[in-house]
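*Asks:* Spelled out, the chains give:
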Amino acid sequence: MSSVLRRMSVASRLLLVIAIGLLVSSAIAELYGAKLSSEYTRTVKVGPRVASLLVVAAITSSGRAEVTVEGADSVYYVKVAGDPFLLAQQFRSLRLNVSNVRSNVDLRAGVTFTAIQVESNPFLVQALSLLGNVIPISEKKENVTRITESVASDSSLLIVSTKDSEGEVRYIIKYSVEGYSRLTAPETFIVSAIMVALAGAIEYYRRLTVKPFL
Amino acid sequence: MSLRTYYNLLYIDVSDVLRPPGLDVLVLLVASLGSALVTIQPVTSPVVASRIALDPTLFAAALFLAVRGSAGMAYLIQSGIINTYLTYPIGKVPLAVLLALSRVFIPSLLVLGAPLLILFLLLGSVMLKAPEKVFGMYTAFFFQASLYGLIFLFFALRSRSQSTSGLLSVSAYFAYTAIALILPAIGRSTGNETLTKVGEAMYLPEIIYSSYMRASVESWQILLVPSLVTILFIFVVIYFWRRFEVI
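For the protein sequence lines, the chains are A and B, in the order given. Number 17 in the numbering used here belongs to position 17 of the first sequence; there are no gaps in the numbering. Number 1196 in the numbering used here belongs to position 196 of the second sequence; there are no gaps in the numbering.
So here's chain A without its partners, still in its complex pose (with noise of 0.2 Å):
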């Protein structure tokens, strides 16, 4: 192999590589690649000393969030600008008692979804209104609240359930990836096809001329 390698250019060379690493990572992509969308339902107990959050935080995608809630007597959501990771930390500061924290990351979908549990008290909204806007919903169809919400790569979505009862709120989300395409199959074939080609165009180019051709 190395014996043919030597006698091309580094130009084709890396050409060759270069189009043998795009029909592998984009082989790879179809088999486990980004998926478009993702779903998450969660039910959680909430009640008048508990209240709920959820958090959709987009780490590397960004695209669009359909919550909906059942059950909750209030709905507030903040949209947080910055690193999702740095929520934690602000929970921190803002001195919010929190518990019962369940992560669950989608990679593929590149979006986590986090409930938390935390004690409800009466600044619990003003305290959230330091870390952005917080908008109440007042929509609600039979105790059915709506929200659709657009997140991007670098902020997330909070969403505050509170209710005045003993109960459970449920949550449901459907998250998909907006602003995201990729060479398909078939087309990676024909960019590798076009790369091998201008391969031993150089190749043959410089047998012609004796020049050498970097």
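In short, the hints are calculated from the structure, not lab data. Even for Gly, the Cβ is constructed at its ideal location relative to N, Cα and C. Warning: the hint list may mix true and false statements.
[As the list claims (entries may be wrong)] Covered stretches of chain A (chain B as the covering partner; in silico rule of three or more C-beta atoms under 8 Å from a C-beta of chain B):
id, segment
1, 2 to 10
2, 28 to 37
3, 104 to 118
4, 183 to 194
Knowing the structure of chain A, use the given hints to seat chain B on it.
*Replies:* Here is chain B on its own, set in the frame of chain A:
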């Protein structure tokens, strides 16, 4: 002394550094796996994509520079090929610049560029959202790799032994990475803000990434690694010019 002379010497030395199959295998693995790291996630930000791909590539580039750049340079000295280079009708300073180009700058540009090229082909619509930011990340990684490469090149000129320069290079790489981790740790535990910032600034890609992610970054933090590269480059050239002698 035409440009042709410089080009010929550069061509000869680059051909030696990039000779097959070393570069081919490295670029194949780095390009396919580095870009696969990106394609398994739906990355929609070009900055995040270039960072995910280039972080592991930098390690491969540093090892390539240590083995081909530095140990290869020591081999040139040991085998006496450097004498042939020195008999070329060009000055010692241009020769030092050419050697730095062929042993450090060109290989790091090539190795770091390969995964990005695949990403541009595969995820064109994502990467073309902000090509200038991708270029910024590429430049940051290039400066980081050149910093390692110039340190390695100096070890080769100083030690004149393949194994010694290889070992010294790897130890220097390890020491640099460890110090970049230790300084912020010490800084945080003692509350010394400057120490933390110096430690963070030792890894330029992280700083550029944070500045693109709208985190607070100071201008001297961006300039630390590029100025170190400039100083080291001048130092290596002067060392080659004034102190380096072939036995």
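*Asks:* Within the assertion that chain B covers the segment 2 to 10 of chain A, do at least three residues meet a Cβ-to-Cβ distance smaller than 8 Å?
*Replies:* holds (count 5)
*Asks:* Please verify the coverage claim for the segment 104 to 118 of chain A: does it have three or more residues whose C-beta sits within 8 Å of some C-beta in chain B?
*Replies:* holds (count 4)
*Asks:* If you count the residues of the segment 183 to 194 of chain A with a beta-carbon closer than 8 Å to a beta-carbon of chain B, do you get 3 or more?
*Replies:* Answer holds; 3 residues pass the 8 Å Cβ test.
*Asks:* Report holds or violated for chain B covering the segment 28 to 37 of chain A, Cβ cut-off 8 Å, minimum 3 residues.
*Replies:* holds (count 7)
Checked against the numbered hints given earlier, this structure breaks none of them.
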